[in-house]
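Chains as they are written, first to last, in the UniProt record's numbering: chain C, 1 to 398; chain U, 1 to 506.
Be careful, since some hints might not be right.
[As the list claims (entries may be wrong)] Between beta-carbon pairs, the in silico distance windows are:
#1 272(U) x 16(C): 29 to 35 Å
#2 378(C) x 96(U): 56 to 62 Å
#3 227(C) x 272(U): 56 to 62 Å
#4 151(C) x 377(U): 42 to 48 Å
#5 157(C) x 348(U): 32 to 38 Å
#6 403(U) x 157(C): 42 to 48 Å
#7 280(C) x 139(U): 40 to 46 Å
#8 96(U) x 16(C): 50 to 56 Å
[As the list claims (entries may be wrong)] No farther apart than 35 Å at their CA atoms in a straight line, the calculated lysine-lysine pairs in the DSBU-like style are these:
#9 404(U) x 443(U)
#10 131(C) x 404(U)
#11 394(C) x 350(U)
Keep in mind the hints are simulated off the structure, nothing from the lab. Ideal placement from N, C-alpha and C gives every residue a C-beta, glycine not left out.
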Amino acid sequence: MDLEQTSGHPQGIGIGAYVARHIREYGLLFALIAIMLFFQVVTGGVLLKPVNITNLFLQNSYIIIMALGMLLVIVGGHIDLSVGSVMGFIGALAAVMIVSWGLPVIVAVAICLVTGMAIGGIQGYFVAYWKIPSFIVTLAGMLVFRGLSLWLLAGQSIGPFPRSFQALSTGFIPDLFGLGRPNALALAVGVVAVLLILWMGLRGRARNARYGIEDEPWGLFLLRNAIVAAALLFVTWKLAWFRGLPNVLLSMVVLTVIYVFVTERTTLGRRVYAVGGNAKAAKLSGIRTERLTFLTFVNMGLLAALAGLVFAARLNTATPKAGFAVELDVIAAVFIGGASMAGGSGKIVGAVVGAFIMGVMNNGMSILGIGIDYQQVIKGLVLLAAVFFDVYNKNKEA
Amino acid sequence: MTALLEMRHITKTFPGVKALDDVSLAVAEGEIHAICGENGAGKSTLMKVLSGVYPAGSYDGEIVYAGETVHFTGIRDSEERGIIIIHQELALVPLLTIAENIFLGNERASRGVIDWPETFRQTEGLLAKVGLRETPGTRVESLGVGKQQLVEIAKALSKNVRLLILDEPTAALSESDSQALLDLLLELKAQGVTSIIISHKLNEVRRVADSVTVIRDGATISTLDAREGGLTEDRIVRDMVGRDMAHRYPARQRRAGDTVFDLRNWSVWHPEHADRQMIRDLSMTVRAGEVVGIAGLMGSGRTELAMSIFGRSYGRRISGEVRMHGRPVDVSTVDRAISAGLAYVTEDRKTLGLILEDTIRRNTVLANLGAVSQRGVIEEGRETEVAEGYRRMLNIRTPSVFQKVVNLSGGNQQKVVLAKWLFTEPDLLILDEPTRGIDVGAKYEIYSIINDLSAAGKAVILISSEMPELLGMCDCIHVMNEGRFVGELAAEAASQEAIMSMIVRE
Numbered sequence: 001m002d003l004e005q006t007s008g009h010p011q012g013i014g015i016g017a018y019v020a021r022h023i024r025e026y027g028l029l030f031a032l033i034a035i036m037l038f039f040q041v042v043t044g045g046v047l048l049k050p051v052n053i054t055n056l057f058l059q060n061s062y063i064i065i066m067a068l069g070m071l072l073v074i075v076g077g078h079i080d081l082s083v084g085s086v087m088g089f090i091g092a093l094a095a096v097m098i099v100s101w102g103l104p105v106i107v108a109v110a111i112c113l114v115t116g117m118a119i120g121g122i123q124g125y126f127v128a129y130w131k132i133p134s135f136i137v138t139l140a141g142m143l144v145f146r147g148l149s150l151w152l153l154a155g156q157s158i159g160p161f162p163r164s165f166q167a168l169s170t171g172f173i174p175d176l177f178g179l180g181r182p183n184a185l186a187l188a189v190g191v192v193a194v195l196l197i198l199w200m201g202l203r204g205r206a207r208n209a210r211y212g213i214e215d216e217p218w219g220l221f222l223l224r225n226a227i228v229a230a231a232l233l234f235v236t237w238k239l240a241w242f243r244g245l246p247n248v249l250l251s252m253v254v255l256t257v258i259y260v261f262v263t264e265r266t267t268l269g270r271r272v273y274a275v276g277g278n279a280k281a282a283k284l285s286g287i288r289t290e291r292l293t294f295l296t297f298v299n300m301g302l303l304a305a306l307a308g309l310v311f312a313a314r315l316n317t318a319t320p321k322a323g324f325a326v327e328l329d330v331i332a333a334v335f336i337g338g339a340s341m342a343g344g345s346g347k348i349v350g351a352v353v354g355a356f357i358m359g360v361m362n363n364g365m366s367i368l369g370i371g372i373d374y375q376q377v378i379k380g381l382v383l384l385a386a387v388f389f390d391v392y393n394k395n396k397e398a
Numbered sequence: 001m002t003a004l005l006e007m008r009h010i011t012k013t014f015p016g017v018k019a020l021d022d023v024s025l026a027v028a029e030g031e032i033h034a035i036c037g038e039n040g041a042g043k044s045t046l047m048k049v050l051s052g053v054y055p056a057g058s059y060d061g062e063i064v065y066a067g068e069t070v071h072f073t074g075i076r077d078s079e080e081r082g083i084i085i086i087h088q089e090l091a092l093v094p095l096l097t098i099a100e101n102i103f104l105g106n107e108r109a110s111r112g113v114i115d116w117p118e119t120f121r122q123t124e125g126l127l128a129k130v131g132l133r134e135t136p137g138t139r140v141e142s143l144g145v146g147k148q149q150l151v152e153i154a155k156a157l158s159k160n161v162r163l164l165i166l167d168e169p170t171a172a173l174s175e176s177d178s179q180a181l182l183d184l185l186l187e188l189k190a191q192g193v194t195s196i197i198i199s200h201k202l203n204e205v206r207r208v209a210d211s212v213t214v215i216r217d218g219a220t221i222s223t224l225d226a227r228e229g230g231l232t233e234d235r236i237v238r239d240m241v242g243r244d245m246a247h248r249y250p251a252r253q254r255r256a257g258d259t260v261f262d263l264r265n266w267s268v269w270h271p272e273h274a275d276r277q278m279i280r281d282l283s284m285t286v287r288a289g290e291v292v293g294i295a296g297l298m299g300s301g302r303t304e305l306a307m308s309i310f311g312r313s314y315g316r317r318i319s320g321e322v323r324m325h326g327r328p329v330d331v332s333t334v335d336r337a338i339s340a341g342l343a344y345v346t347e348d349r350k351t352l353g354l355i356l357e358d359t360i361r362r363n364t365v366l367a368n369l370g371a372v373s374q375r376g377v378i379e380e381g382r383e384t385e386v387a388e389g390y391r392r393m394l395n396i397r398t399p400s401v402f403q404k405v406v407n408l409s410g411g412n413q414q415k416v417v418l419a420k421w422l423f424t425e426p427d428l429l430i431l432d433e434p435t436r437g438i439d440v441g442a443k444y445e446i447y448s449i450i451n452d453l454s455a456a457g458k459a460v461i462l463i464s465s466e467m468p469e470l471l472g473m474c475d476c477i478h479v480m481n482e483g484r485f486v487g488e489l490a491a492e493a494a495s496q497e498a499i500m501s502m503i504v505r506e
């Protein structure tokens, strides 16, 4: 009844109607906040303690890093099931080179990243140029690299790594201002980030106004930014009272910014969306679709390798089980983030938020001591609910 | 002779279009009845009404079949009464055998378990009837189109067909296969099967048909008796094309400049069937400011010609030379063809022309992203300005260029496709059925755009199945058949009758 009345109003679009139309984006943000609040309460405040926030980032960094690449693969209309195995394989490779052979860390890291790209390239070659479904190619890759990491490690764990390698993950950026606690650098970064987000938001609004694009109502814009700003300041404040900014957080943020830029502002990103949206039309528009598909897999391989290094560095050992079933978490994160299975749509920010939703749930349920059995069930249901929500809204539109 | 089928005053309306307007059709028991008409005249719609694809209630009028009024609500209904349609695109499953295809959905089985010996025995009987010498266990994919057509007819016979409807049955067949098929129709007639045949090939119509109904613009024009042999092809053609060609086309000035596009000895082979040559040693030129039309039936090779030129998007073993402004150019990939100055507006805008879920803005710049970006970074301001510019220039009706193209009407979608290609600043535009499925008003706008382009010195190739469109728009018209040009007509000399005769007599 209420809805009918508001939609009957003749003048400009109201906040309610705007949210209804962009329910997916707001729903995602709302879901993340709701889940965090829920676990904050039921864990008796443990979730948002400084040490646990730091942990949240460390634990989920590798999922987020791979979600960036997986988003591009899925937007391009494909899937990559091998990333968990590749990640484990690269971790094992790093361990063999650094621990067993004593290669310098920097050399080993470079070799690992190049290897990751080569693995992605081989899989991409079959998908792009031989048109073998990516599901099959990467399923094969998943088995092959799971086997190869077992072989490399001979079934044993290898470790520990030297300090310089561990710093990839568990290191912290030194406080340039030397206050100690609270960490002034962390606070400064938080404030600068908030100002940057606000400035970019305002600039975008000005641009939209110039071209007459319908924009978020002001009230909603302020509310949304207030929530984001509060969350950012809160998190950096908490981090500042522990050990400051983790290295891995910095690389995650930098990577996310780069991928948002590439997907939304460059011709390369635009073409990936076009290929996923309609490969035939894209091809007839002069886009080299095969090469582009190939490159999305090379990129995925690179990010899977990076994730493998970060993961091994955090555990300080390479184990044969590393990366087991991780591909499913990564893919789930991308779909929770709103990407479409058919390709052509999905956003980096969505995938990152999706990864955080999975991460907070993992972390929160572990704190509560919920068994791995229930955890799996709950995660599966959340994935199904998110995608159902998508489809439901689309049907309602039509 | 009594009528087996009478369709009385059938009117069928789609949103915005009257596809059938008071059409009547009477088919006598035991005859072969031909339906003739141009593409889009309403023949297929009429057959869909008859077979229940458009269920009773969705059209006005009455269908009387075998003496009683019928209300079919689906294909199953009409098949039960012995009305079977064989479509132009055959509905066989290539990986299944002949026997499996014939009894698909109608299996010789008890309680879900198939009785294979019985299936094979019956299949052999049916194959003998249609004169197909293959074993029932042969996979359909290994048969040629002609034999597949016979399998379809065998399938129809297995359902105790009383009225057999064939939609363009010989369009894809070779001469000898066509003859065999027509002989089979005559033989079935002798066995008491009534047939309706939809065909463009008037010599075939004259050969087998007892009567002919001509449909034009969704209305019955005439029903002609073909038995006495007094019916001429010219008579049918005259009814098919009609006379009224009022001001449906904007006036254009003919002013051709230098030769822009020069195609020499172009040959293309089918991508899968290595022995089928689709384009045969074809040459053509288009001058600046000239609009050159290509007429021909579906399957004559028009689209294959265009796509093979445009970045080898169709076919294999392509040979020949493309010259632009007198210089040979490389058109081996789409991006090279675009940089050589070619643009191709595809026949099927939804699956080949547009990214439906993307906005007008993004679709407009897709083929020339370089022009709105610097070092790979898109300048969104410029992108929006470009899209806005074309929105105004082509009069694309939309609240903003940030709308998804899926929400636009057909005519406006086509304008977005045109905008995309105009933004690549081509010298030669190949337009493949640019007005298919769009309303009359939007058609006029598209024609005006084409005239503006040629006035601006662009060379244009217009591929169309609508002959009035070719006559109204082109400076000269090539008639295409089986991969080669079989005739060329200057605009002044051309008439629909002349084109149609060239097509149907080949």
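Here's how the hints hold up against the structure:
1. 272(U) x 16(C): 29 to 35 Å: 55 Å, violated
2. 378(C) x 96(U): 56 to 62 Å: 45 Å, violated
3. 227(C) x 272(U): 56 to 62 Å: 57 Å, holds
4. 151(C) x 377(U): 42 to 48 Å: 44 Å, holds
5. 157(C) x 348(U): 32 to 38 Å: 57 Å, violated
6. 403(U) x 157(C): 42 to 48 Å: 56 Å, violated
7. 280(C) x 139(U): 40 to 46 Å: 28 Å, violated
8. 96(U) x 16(C): 50 to 56 Å: 54 Å, holds
9. 404(U) x 443(U): Status holds; Cα separation ~22 Å.
10. 131(C) x 404(U): 29 Å, holds
11. 394(C) x 350(U): 20 Å, holds
Of the numbered hints given earlier, the model fails hints 1, 2, 5, 6 and 7; all others are met.
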